[in-house]
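Enquirer: Each chain, written out:
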Amino acid sequence: MFRQASRLLSRSVSAAASSRSTTNRAFSTEVPSTIDSTFVESWKKVAPNMDPPQTPSSFMKPRPSTASSIPTKLTVNFVLPYASELSGKEVDMVIIPATTGQMGVLPGHVPTIAELKPGIMSVHEGTDIKKYFVSSGFAFLHANSVADIIAVEAVPLENIDASQVQKGLAEFTQKLASATTDLEKAEAQIGVEVHSAMNAALSG
Amino acid sequence: MASNAAVPFWRAAGMTYITYSNICANLVRKCLKEPFKAESINREKVHFSLSKWADGKPQKPVLRSDAPEV
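Top to bottom, those sequences are chains A and B.
For the first sequence, UniProt numbering assigns the number 1 to the initial residue and increments by one for each residue that follows.
For the second sequence, UniProt numbering assigns the number 1 to the initial residue and increments by one for each residue that follows.
It should be emphasised that the hints constitute simulated quantities derived from the structure, not laboratory data.
Warning: the hint list may mix true and false statements.
[Unchecked claim] Cross-link-like lysine-lysine pairs, in silico, PhoX-like; alpha carbons within 20 Å at most:
no., chain 1, residue 1, chain 2, residue 2
1, A, K175, A, K185
2, B, K45, B, K30
3, B, K37, A, K131
4, B, K33, A, K131
5, A, K73, A, K131
6, B, K33, A, K167
[As the list claims (entries may be wrong)] One side only, chain A facing chain B, incomplete, derived with CB under 10 Å:
no., residue
7, V155
8, K167
9, A186
Where is the CB? At the ideal position from N, CA and C, for every residue including glycine.
Sequences and hints are given; from them, build the entire structure.
Expert: Following this line, the structure appears as structure tokens:
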């Protein structure tokens, strides 16, 4: 490992020195899936009877490229670890509960990665509004008006039991007051935050 | 490399994002109405056997089979 270290270090230093202040990398949604022709040729020389290996990008459907004018609809992919709630759905707007506050996402939104806090996510399609309570997750907004929202747990508001939320809120507020170690305090505070978010979601 | 962003309280207390996220998800699951609650808890059950290796031989396996706890 250490034999390579000096080579790698010098390579990164020279790359940093030679490149401008930012390395211009295309977004994953813009790079077309190109097959490296020099690699394919050298492969054919070495193993003419075998197909060159596929790369993950050759299996992926290419993502829509960034349009020059703002598209009319936002394409939403909303996934959970166990299910794909919305897949390629075209909607007018999505409001996501980012840590920086409720964020409205319209087509043509600036590319953003937002961490989500426990809160309501609403999907607006014409006059139809569908709300989910999201426990936490991330939202990736791409330049081509595709929004990838991933959450660990997302439930429609009707499935939440108000009395349990109240009980949980009281329990965690009490735990927060009596917590001693940092970790206990953190856990209790997470409990208070999640339950108050659910409370606000049910009443708001 | 000093970071300028304020650290979230759970990170300051030594918790990772995954732990935080799992705790949030478990709390939400606990507050669901009945059929959904049982389904979600069932869905999240784990069952695995873990054995550490020493001298090229597996030691006694630890069997974990339970619903995730907060």
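Enquirer: Now, for every hint given, state plainly whether the structure supports it.
Expert: Structure-based check of all given hints:
For the suggested pair K175/A and K185/A, the alpha carbons sit about 8 Å apart, so the restraint of at most 20 Å is met. Between K45/B and K30/B the alpha-carbon distance is near 14 Å, which keeps this suggested pair within the 20 Å criterion. For the suggested pair K37/B and K131/A, the alpha carbons sit about 19 Å apart, so the restraint of at most 20 Å is met. A hinted pair counts as satisfied when its Cα atoms are at most 20 Å apart, and K33/B with K131/A qualifies at roughly 17 Å.
For the hint pairing K73/A with K131/A, the CA-to-CA distance comes to about 19 Å; that is within 20 Å, so the pair holds. Using a Cα cut-off of 20 Å, the hinted pair K33/B and K167/A holds, with the two alpha carbons roughly 14 Å apart. The beta carbon of V155/A is positioned within 10 Å of a beta carbon in chain B (closest approach about 6 Å), and the interface hint is therefore held. Look at K167/A: its Cβ gets to within about 9 Å of chain B, closer than 10 Å, so that hint holds up.
Checking A186/A against chain B by beta carbon gives a least distance of about 4 Å; that is within 10 Å, so the hint holds.
No hint from the list above goes unmet by this structure.
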